[in-house]
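Take the given structure of chain L and dock chain P to it, following the hints.
Protein chains: 2
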Amino acid sequence: MPIYTPPLRDMQFVMHEVFKVTDEFKAMPAHAEVDADTLNAVLEEAGKFAAGVTFPLNISGDTEGCKLDTATHEVTPPKGFKEAYQQFVEGGWPALSCLPEFGGQGLPHTVNQCLYEMLNSANQAWTMYPGLSHGAYEALVAHGTDEQKKLYLPKLVSGEWTGTMCLTEPHCGTDLGLLRTKAEPQADGSYKLTGNKIFISAGEHDFTENIVHLVLARLPDAPKGSKGISLFVVPKFKVNADGSLGERNPIFCTGLEHKMGIHGNATAQIAIDGATGTLVGEPNKGLAAMFVMMNAARLGVGNQSLGLTEVAFQNALAYAKDRLQMRSLSGKKAPDKEADPIIVHPDVRKMLLTAKAYAEGARALQIFCTLLLDKAQHHTDEKVRKDSDELVALLTPIVKAFITDNGHVATNACMQVFGGHGYIKEWGMEQFVRDNRINMIYEGTNTIQSLDLLGRKVLGNNGATLKKFGKLVGQLVAEEGVNEKMAEFINPIAYLGDQMTKFTTEIGFRGFQNPDEVGAAAVDYLRVAGHLVFGYLFARMAQVALREIAAGNTDPFYQGKLQTARFYFAKLFPETATLMRTARAGSKVLMDTDAALA
Amino acid sequence: MPIYTPPLRDMQFVMHEVFKVTDEFKAMPAHAEVDADTLNAVLEEAGKFAAGVTFPLNISGDTEGCKLDTATHEVTPPKGFKEAYQQFVEGGWPALSCLPEFGGQGLPHTVNQCLYEMLNSANQAWTMYPGLSHGAYEALVAHGTDEQKKLYLPKLVSGEWTGTMCLTEPHCGTDLGLLRTKAEPQADGSYKLTGNKIFISAGEHDFTENIVHLVLARLPDAPKGSKGISLFVVPKFKVNADGSLGERNPIFCTGLEHKMGIHGNATAQIAIDGATGTLVGEPNKGLAAMFVMMNAARLGVGNQSLGLTEVAFQNALAYAKDRLQMRSLSGKKAPDKEADPIIVHPDVRKMLLTAKAYAEGARALQIFCTLLLDKAQHHTDEKVRKDSDELVALLTPIVKAFITDNGHVATNACMQVFGGHGYIKEWGMEQFVRDNRINMIYEGTNTIQSLDLLGRKVLGNNGATLKKFGKLVGQLVAEEGVNEKMAEFINPIAYLGDQMTKFTTEIGFRGFQNPDEVGAAAVDYLRVAGHLVFGYLFARMAQVALREIAAGNTDPFYQGKLQTARFYFAKLFPETATLMRTARAGSKVLMDTDAALA
Numbered sequence: 001m002p003i004y005t006p007p008l009r010d011m012q013f014v015m016h017e018v019f020k021v022t023d024e025f026k027a028m029p030a031h032a033e034v035d036a037d038t039l040n041a042v043l044e045e046a047g048k049f050a051a052g053v054t055f056p057l058n059i060s061g062d063t064e065g066c067k068l069d070t071a072t073h074e075v076t077p078p079k080g081f082k083e084a085y086q087q088f089v090e091g092g093w094p095a096l097s098c099l100p101e102f103g104g105q106g107l108p109h110t111v112n113q114c115l116y117e118m119l120n121s122a123n124q125a126w127t128m129y130p131g132l133s134h135g136a137y138e139a140l141v142a143h144g145t146d147e148q149k150k151l152y153l154p155k156l157v158s159g160e161w162t163g164t165m166c167l168t169e170p171h172c173g174t175d176l177g178l179l180r181t182k183a184e185p186q187a188d189g190s191y192k193l194t195g196n197k198i199f200i201s202a203g204e205h206d207f208t209e210n211i212v213h214l215v216l217a218r219l220p221d222a223p224k225g226s227k228g229i230s231l232f233v234v235p236k237f238k239v240n241a242d243g244s245l246g247e248r249n250p251i252f253c254t255g256l257e258h259k260m261g262i263h264g265n266a267t268a269q270i271a272i273d274g275a276t277g278t279l280v281g282e283p284n285k286g287l288a289a290m291f292v293m294m295n296a297a298r299l300g301v302g303n304q305s306l307g308l309t310e311v312a313f314q315n316a317l318a319y320a321k322d323r324l325q326m327r328s329l330s331g332k333k334a335p336d337k338e339a340d341p342i343i344v345h346p347d348v349r350k351m352l353l354t355a356k357a358y359a360e361g362a363r364a365l366q367i368f369c370t371l372l373l374d375k376a377q378h379h380t381d382e383k384v385r386k387d388s389d390e391l392v393a394l395l396t397p398i399v400k401a402f403i404t405d406n407g408h409v410a411t412n413a414c415m416q417v418f419g420g421h422g423y424i425k426e427w428g429m430e431q432f433v434r435d436n437r438i439n440m441i442y443e444g445t446n447t448i449q450s451l452d453l454l455g456r457k458v459l460g461n462n463g464a465t466l467k468k469f470g471k472l473v474g475q476l477v478a479e480e481g482v483n484e485k486m487a488e489f490i491n492p493i494a495y496l497g498d499q500m501t502k503f504t505t506e507i508g509f510r511g512f513q514n515p516d517e518v519g520a521a522a523v524d525y526l527r528v529a530g531h532l533v534f535g536y537l538f539a540r541m542a543q544v545a546l547r548e549i550a551a552g553n554t555d556p557f558y559q560g561k562l563q564t565a566r567f568y569f570a571k572l573f574p575e576t577a578t579l580m581r582t583a584r585a586g587s588k589v590l591m592d593t594d595a596a597l598a
Numbered sequence: 001m002p003i004y005t006p007p008l009r010d011m012q013f014v015m016h017e018v019f020k021v022t023d024e025f026k027a028m029p030a031h032a033e034v035d036a037d038t039l040n041a042v043l044e045e046a047g048k049f050a051a052g053v054t055f056p057l058n059i060s061g062d063t064e065g066c067k068l069d070t071a072t073h074e075v076t077p078p079k080g081f082k083e084a085y086q087q088f089v090e091g092g093w094p095a096l097s098c099l100p101e102f103g104g105q106g107l108p109h110t111v112n113q114c115l116y117e118m119l120n121s122a123n124q125a126w127t128m129y130p131g132l133s134h135g136a137y138e139a140l141v142a143h144g145t146d147e148q149k150k151l152y153l154p155k156l157v158s159g160e161w162t163g164t165m166c167l168t169e170p171h172c173g174t175d176l177g178l179l180r181t182k183a184e185p186q187a188d189g190s191y192k193l194t195g196n197k198i199f200i201s202a203g204e205h206d207f208t209e210n211i212v213h214l215v216l217a218r219l220p221d222a223p224k225g226s227k228g229i230s231l232f233v234v235p236k237f238k239v240n241a242d243g244s245l246g247e248r249n250p251i252f253c254t255g256l257e258h259k260m261g262i263h264g265n266a267t268a269q270i271a272i273d274g275a276t277g278t279l280v281g282e283p284n285k286g287l288a289a290m291f292v293m294m295n296a297a298r299l300g301v302g303n304q305s306l307g308l309t310e311v312a313f314q315n316a317l318a319y320a321k322d323r324l325q326m327r328s329l330s331g332k333k334a335p336d337k338e339a340d341p342i343i344v345h346p347d348v349r350k351m352l353l354t355a356k357a358y359a360e361g362a363r364a365l366q367i368f369c370t371l372l373l374d375k376a377q378h379h380t381d382e383k384v385r386k387d388s389d390e391l392v393a394l395l396t397p398i399v400k401a402f403i404t405d406n407g408h409v410a411t412n413a414c415m416q417v418f419g420g421h422g423y424i425k426e427w428g429m430e431q432f433v434r435d436n437r438i439n440m441i442y443e444g445t446n447t448i449q450s451l452d453l454l455g456r457k458v459l460g461n462n463g464a465t466l467k468k469f470g471k472l473v474g475q476l477v478a479e480e481g482v483n484e485k486m487a488e489f490i491n492p493i494a495y496l497g498d499q500m501t502k503f504t505t506e507i508g509f510r511g512f513q514n515p516d517e518v519g520a521a522a523v524d525y526l527r528v529a530g531h532l533v534f535g536y537l538f539a540r541m542a543q544v545a546l547r548e549i550a551a552g553n554t555d556p557f558y559q560g561k562l563q564t565a566r567f568y569f570a571k572l573f574p575e576t577a578t579l580m581r582t583a584r585a586g587s588k589v590l591m592d593t594d595a596a597l598a
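The listed protein sequences derive, respectively, from chains L and P. Going letter by letter, the first sequence gives residues 1 to 598 in the working numbering. Going letter by letter, the second sequence gives residues 1 to 598 in the working numbering.
It is possible that some hints are incorrect.
Pairs of lysine-lysine residues, derived as BS3-like cross-links and limited to a Cα-Cα distance of at most 27 angstroms, are as follows [claimed, not checked]: (1) L:Lys285 - L:Lys238; (2) P:Lys337 - L:Lys182; (3) P:Lys20 - P:Lys485; (4) L:Lys227 - P:Lys67; (5) P:Lys149 - P:Lys82; (6) L:Lys79 - P:Lys149; (7) P:Lys79 - L:Lys337; (8) L:Lys224 - P:Lys471; (9) L:Lys333 - L:Lys425; (10) P:Lys425 - L:Lys227; (11) P:Lys149 - P:Lys79; (12) P:Lys333 - P:Lys285; (13) L:Lys332 - L:Lys383; (14) L:Lys67 - L:Lys26; (15) L:Lys67 - P:Lys79; (16) P:Lys468 - P:Lys502; (17) P:Lys468 - L:Lys332; (18) L:Lys321 - L:Lys333; (19) L:Lys588 - P:Lys321; (20) P:Lys285 - P:Lys227; (21) L:Lys337 - P:Lys224; (22) P:Lys20 - P:Lys182; (23) L:Lys425 - L:Lys285; (24) P:Lys337 - L:Lys224; (25) L:Lys227 - L:Lys182; (26) L:Lys337 - L:Lys321; (27) L:Lys425 - P:Lys79; (28) P:Lys67 - L:Lys425; (29) L:Lys79 - P:Lys227; (30) P:Lys224 - L:Lys333.
Worth flagging that the hints you see were computed from the coordinates, not collected in a lab.
So here's chain L without its partners, still in its complex pose (with noise of 0.2 angstroms):
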């Protein structure tokens, strides 16, 4: 019962628009030959294939969930999710931002993040099966050995294989150094491991005849702690020289979770029993290895709630033009029915606009990121390769967080327009809701982004990278301060961007006599510079939308534009005032209070 129809035009707009990137790749050896049209084509047949072949798996798939057969630890997702696989295998879309060298399409990054967002909004827990081999895919590619390339590589890029991440254990998530799976070095230079891990998302399915396990544990003489982690590469079958099949690796899927939500997909707890496996970068290195894959994640997990809070927009405006329940406050709107449409008052419109709202801001941070890792990775010059890295490392964090806790509060917001439909689960926006709140935990839960931004990004260095960010800020209140026209959107950004200034250097301030100031302010802090960031680009795709209109262009998509970014600064920007405030409330409140907590 539910909508989706791909977003090609805002897609359009933020690539070709508001950021060039057929310009900008033209300074990319390995992209100078991308056009617009062909990526325009490109995404034009990745929204048929989600909307055409995943969307209609979404609901079902929830209401089936997955199944473990205990005797074999073989795990069948719900109907249709293998069919759908192979077609996307079919269709080479697992290859798209491949490097060639590998059998990739080598299309730069923002394709792919295209791609993405639109797997997500038609369905979250098919899309982590394989949007988890592709983050196992960038850490082979950063950290594996020319054998191990040579004999995984090709699998995962083409989809014959699929990839998973093996971190957690019951006993630590977040706190990686207390993990204790053991890998014991074998004479042929192979490792046994031994240990339990949970959580393991994607780690066991029928779609494909091997699955390629990433596992993090420790070496026998490893210190102890973060640095004492070692990344191994396990296969389910083990792999013989020559690419064929050996026999089966004693890593095993004992039981499946019980989840609020995405339930098409299969969260494994995973015995590890005698697994043969091989070393994947350095020995006691293998938290940074893990790294590269989790940045990879973090920003993919921001593009999981970029489109769940995109699909439950489509889905709250459709039913709030055709719902018909009480009058218009301001007089009847549809005098000829029995009511008017709910979308008539004020609240209602709220709702909506704050999931448009969050859903476009998403969309040009995650389009804005991906292009500065093709940046980063592909740029002739490299003082922009350096600098590209370095912003999208503070971005991260705040894609991360950011985008899926509006993400809570758009699907909420849309859910909540259907009224007591919203809550009954045909209508699928319920759903939304309970895939989306995944993403405010795993991947490092929001709290411990807000400290990786503030504690290690931002006073970490400085401020040396936000004042890169801000720069950038700083560039465009320069460019346009004096238009009139666009005072509306510089006048809040600029204003907050001074204000950001000073708030950091005090809270650096008191966080040097008092490191609990930095952990109580980092989550309000993170929301602040979320907000500077969406304004500055809400800013910017007004500042096109401006121009286009004065140049005669009559698309209503411009007004539209024009009329979410007014939005955005009036009714969802100004929680930046009450943010700080809290922020400056300081750490005593919070820590003087045992009693209260007794």
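This is chain P only, laid out in the frame that chain L set:
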């Protein structure tokens, strides 16, 4: 696996130390004899029932859900629910606050409030069965004929029968004026009802031999819209004049909804196929009669979220003390362990204290309101009765919307404390979130509550009732304005009270010119009003705590109360700054958005 301890100490604090309820009862002849020991003993027993009988059925009830036999139209709720209901009836709990003339125990509403808070903590889905009955009881007490009272009330009071409210139809929920169920007068004075109802909570089950449905329907000559709705009592089995059961009435459960939560409650689709009913109250005045039930239900829904907030808090607190993960930013706190318990982290404490403050504020407000209900009904002074009635009318939408929205924030925060484990069903945390989610929707969505507050209860009488509440705030400010120790609690509410007056006048003025301004501001306005009320109550609680401490009382409860109040004012109350700003941003950015919402 989850835990629950009835919060008797805090209930006693609010009842006896803050509101001195037994002193108040002395001015109510019906309750003049109720003493503190009786109240405390009743609540202790109530807590045992909740924690011991219905709490253990909460997760299993969610997993199992209700089953409909489509051939017989009979519904089987989850295992153990019927037996728990029998124990509830045997304990005399349905009769607790009912009138002695119908077999009730005649205790104050205030006691029933605390009973139901604990039942909701233990198992919201189960609690809705007796909860709806109590609503039906109140509607019949207020509007039933003597015959109806005689036939139905003793059975509802004893719990031998249960009741429902049948309002919603597929095409109308909020807008009951559109409803189509018909009632044809019969020669014997009864009515034949025909129509389809949906979303009927506790609509069918096997607990009792009869179910008393209160049904809204239209008489043949009824005016259109909400002025043409009448209320009928339609029992599942007809009732003979001697009280014995007659033939089955054709009012059948034809389907059960598949919902996000409250799986243990049968949310029924009801087909009424020529069922016999009798008129309650006057023809075409059914909505007014039903509002007796709805107002009680709205307070009851706030109470559901209070219950869930409390139980979510208790579990998150226990987990945060137990779960070892990472070290404190300000140095190891448990050096003998491999990591510190996560309660050392400022943001974990913030999440816990958010839930605690919202639970304690809600408990104070709910008890404040039910004491007003007791006064409105039983106080010897007519002016006190009238004032109390008005004040509770003002506070009802705040109880319903503010407490349920806070419950959403709080249950989600408590779930977040668990990290990935919060997303797993066996821990029970995600169920609290799912169960709470309906509270923001049913009995009038929270948007409807905000329009009721701002449009009807505030602007509808030119702020007269709001001024009465303002007077209470003013009294406290006058009383404690020079007490330096109270300044941190008094200053914010004094300031917000002043702001609120200007703010209300301003919105009233704007709304006079354009009613959509009221619709655009209402949701933000309700949250500001909610914080004024919570702020007032926290100040009163802090006042008691400070006095006890000054008198040398070393019970850490009072320190804990002060710390919670401080946290509330530092971290939660300040959102009023943003809310007033966004409310002032007005309706234009919402209504000028046809291109954005095309």
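*asked:* Check the hint pairing lysine 425 of chain L with lysine 79 of chain P against an upper bound of 27 angstroms on the C-alpha distance.
replied: holds (23 angstroms)
*Is the hinted pair lysine 67 of chain P and lysine 425 of chain L satisfied, with a Cα-Cα distance of at most 27 angstroms?*
holds (16 angstroms)
_Holds or violated: lysine 468 of chain P and lysine 332 of chain L, Cα atoms, limit 27 angstroms._
violated (35 angstroms)
*Given hint lysine 471 of chain P paired with lysine 224 of chain L - CA-CA distance at most 27 angstroms*: Violated, because 63 angstroms separates the two Cα atoms, which is more than 27 angstroms.
*Quickly compare the C-alpha distance for lysine 468 of chain P and lysine 502 of chain P to 27 angstroms and report which way the hint goes.*
holds (16 angstroms)
*Given the hinted pair lysine 588 of chain L and lysine 321 of chain P, is their alpha-carbon gap at most 27 angstroms?*
holds (19 angstroms)
*Has the given pair, lysine 20 of chain P with lysine 485 of chain P, been kept, meaning a C-alpha gap of at most 27 angstroms?*
holds (23 angstroms)
*Given the hint that lysine 332 of chain L pairs with lysine 383 of chain L, does the C-alpha gap stay at or below 27 angstroms?*
violated (60 angstroms)
*If you draw a straight line from the CA of lysine 337 of chain L to the CA of lysine 321 of chain L, is it 27 angstroms or shorter?*
holds (13 angstroms)
*For the pair we were handed, lysine 333 of chain L and lysine 425 of chain L, check the Cα-Cα distance against 27 angstroms.*
violated (31 angstroms)
_Holds or violated: lysine 149 of chain P to lysine 82 of chain P, with C-alpha atoms at most 27 angstroms apart_ = Distance of about 26 angstroms is within 27 angstroms: holds.
*27 angstroms Cα cutoff - pair lysine 337 of chain P, lysine 182 of chain L*: holds (21 angstroms)
When each numbered hint is compared with the structure, violations occur for hints 4, 6, 7, 8, 9, 10, 11, 12, 13, 14, 17, 22, 23 and 29.
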